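*Asks:* Given next are the chains, with one letter for each unit.
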Amino acid sequence: MILGENLTFQTSSGKEILSNVSLSIDSGTMAGIIGKNGAGKSTLIKLLAGLDQPSQGEVKIDDRELEDFSERELAVKRSVLSQEVPVSFGLSVLDILLMGRYPHARRVTTEDYKKVDFVIESLDLGGGLKTSYPSLSGGERQKVQFGRALCQLLPLEKDCRKVLFLDEPLAALDLSVQQLILRRIRSFVDDYGLTVVFVLHDLNYISRHCDKVFLLEKGQCMLHGSPKDVFTVDHLYRYFDVNVQLIKGAENRPHMIFN
Amino acid sequence: MSAQQPLSQKLHLQQETRFLVTLIVLGLLLIFCTFLGTLWGPATSFFQALQSSYQVFTQGQLAQGEGIINDLIYQIRLPRVFLGLIAGAGFAVSGGALQVLFNNPLADSGLIGINSGAMLGVIFGILFAKVFGPLNTLMIDFPHLFLPFLAFLGACLLGGLVYRLSLNNGRINVAIMLLAGVAVNAFAGAFSGLMITTANDEQLRTITFWSMGSLNGADWKIVTFLGGIVIVGSIALIRLHKELDAMALGEREALYLGVNTDSVKKRVLILSALICGPIVSYVGLIGFVGLVVPHILRLFLGPKTKQLLISSFVLGSIFLILSDVFAKNVITPSELPIGIVTALVGTPFFTYLLLKQKRRVG
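Chains as they are written, first to last, in my numbering: chain X, 351 to 609; chain A, 14 to 375.
Think of the hints as simulated: they come from the structure by calculation, not from any bench.
Remember, it's a predicted structure, so these values are computed and weren't measured experimentally.
Incorrect hints may appear among the rest.
Below are the DSBU-like pairs computed for lysine-lysine, each with C-alpha atoms no more than 30 Å apart in a straight line [to be verified]:
| hint | chain 1 | residue 1 | chain 2 | residue 2 |
| --- | --- | --- | --- | --- |
| 1 | A | K369 | X | K480 |
| 2 | A | K278 | A | K255 |
| 3 | A | K319 | X | K480 |
| 4 | X | K464 | A | K279 |
| 5 | X | K410 | A | K255 |
| 6 | X | K480 | A | K234 |
| 7 | A | K319 | A | K278 |
| 8 | X | K365 | A | K279 |
Listed next, the stretches of chain A that the computed footprint assigns to chain X, with coverage defined by at least 3 CB atoms under 8 Å from CB atoms of chain X [as the list claims (entries may be wrong)]:
| hint | stretch |
| --- | --- |
| 9 | 123 to 130 |
| 10 | 187 to 196 |
Note that the Cβ used here is the ideal one computed from N, Cα and C, for glycine as well.
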């Protein structure tokens, strides 16, 4: 379980990006963080993932404060897929995947290679392992980074209590890559009880898959609840300035049609 | 067995094999260069040197050449070659590590203020040791440690200053780092000029010869001391290879991977100051080795830090030994400052590589 209590974050120049945000996300569920640009979504992810420390408040994963984790302990507990990872040197795809095993052991063993092979197969990366990463297209790069995040989380077994954070991972990607990544995430949640926290612009995907939605505006959490509670015509007009038509999608979840 | 071997492991082993082959070739080249540097001098032609190298290989010693020639070889030439080997290796390894750390192929110990900090330390030592009593005692008691230690302090000071200046919200801002490096280097140049105005004739001559860079005056004591520092420092840097690999993804991703990036940054900077400070204090400002050597190797071997740093150690040695051979033999019986040779040879080659790379990128 991920718990954020009264999270406040100020930049060094004193600007308050997040004020007093509290949230809880159960293990084995998917949570979506939504809001307009500049609402503080990415900052919230960074605090929850332990990249930045909150100015006030605290984050707990499985009842343990984030500050009590060593870097390595935290790295085998959660991994993060960022929006974009630029690399200036020509590391190969394989080099980058293998980095995911860094927090696990000083020496890479055959077991580690087997795990990397598993990820290569499930993301269909086998063809271009020697390719230099900077020469790849945006979509392929993101697939590789997703693979690295998975390599970092393995081994996964049932009720694994591990967390995957994704910070707008699909911006400017092909539909096919988007679908591949999202399908894999869904299956890891179903099969292993992975906990997933998203920042995603695709509200319909959030509505379809997430158990809980948090809506941020100007650094504050304005709404949280099930997709049914959050995605109403009224809310979407108030917080996103859009007129939508709602229809019932799969599992009776709201599906938005933007006019 | 091989059928069960994971695909990723097989590919990884292929990579390692190619690296080992390269390393063996470089190693052989280094041995050859050591002989060449030792035996080729004003009195012997290139072919005589080759012939003597062959004799040493087959018979274990030089056929003729008793007494004075042996002294020349073992007390003057060989220490000089080893000093070049050590200095080249140290500059190249620290340059390679700094490039990965800053995620920028332009970085080396010169750019981020380490070399000019060492320069300030040395000039300060030369000028003021005789003036202050305590400093004077230190210099007389530890003649081999005195200037290297001051150089190390200066390197830490200015390297640390550039690092502090380039921190932005706790992260290194590379653009600011480059500008801070330029500013700190300019300041160090001006300040050393200011200090030199107080120098007397003898001090002025010492400083001038030192600052042009030379492997002259090497002896076994210097070689052992400097060799110890450079080897220990280089091993410590190479041991950070996994952390540095992760830093190539940027600091944020390295943190997510569980790397303590603050500690890595500090360690790389201090180790670079430890390696380059003392080298600079003995051989002067020899530029370009730390920049060019890792860059060349990255083009051939790829950017894996472990392979890059180990091969930089060897190729850096080769580069400096060859430059010294050139400096000694091109205008005999006089000789060129080695810093001039590294820049003269290095710049065109580097430019050529850049152009080639530019064409490839498109």
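*Asks:* Against this structure, judge whether each hint is valid.
*Replies:* Quick rundown of the hints versus the structure:
1. Only pairs whose Cα atoms come within 30 Å are accepted, and A:K369 paired with X:K480 is accepted, the gap being roughly 21 Å.
2. This hinted pair checks out: A:K278 and A:K255 have alpha carbons roughly 13 Å apart, not beyond 30 Å.
3. Proposed proximity of A:K319 and X:K480 is supported: the alpha carbons are some 18 Å apart, at most 30 Å.
4. Pair hint X:K464 plus A:K279 does not hold up; C-alpha atoms about 35 Å apart against a cutoff of 30 Å.
5. As the CA atoms of X:K410 and A:K255 are separated by approximately 29 Å, the hinted pair is consistent with the 30 Å bound.
6. Restraint check for X:K480 and A:K234: the C-alpha separation of about 47 Å exceeds 30 Å, so the hint is violated.
7. As the CA atoms of A:K319 and A:K278 are separated by approximately 17 Å, the hinted pair is consistent with the 30 Å bound.
8. Restraint check for X:K365 and A:K279: satisfied, since their Cα atoms lie roughly 29 Å apart, inside the 30 Å limit.
9. Under a criterion of three residues with beta carbons nearer than 8 Å to beta carbons of chain X, the stated coverage of the stretch 123 to 130 of chain A fails, only 0 such residues being counted.
10. Check result for the stretch 187 to 196 of chain A against chain X: violated, 0 residues qualifying (beta carbon to beta carbon below 8 Å, three or more required).
Of the numbered hints given earlier, the model fails hints 4, 6, 9, 10; all others are met.
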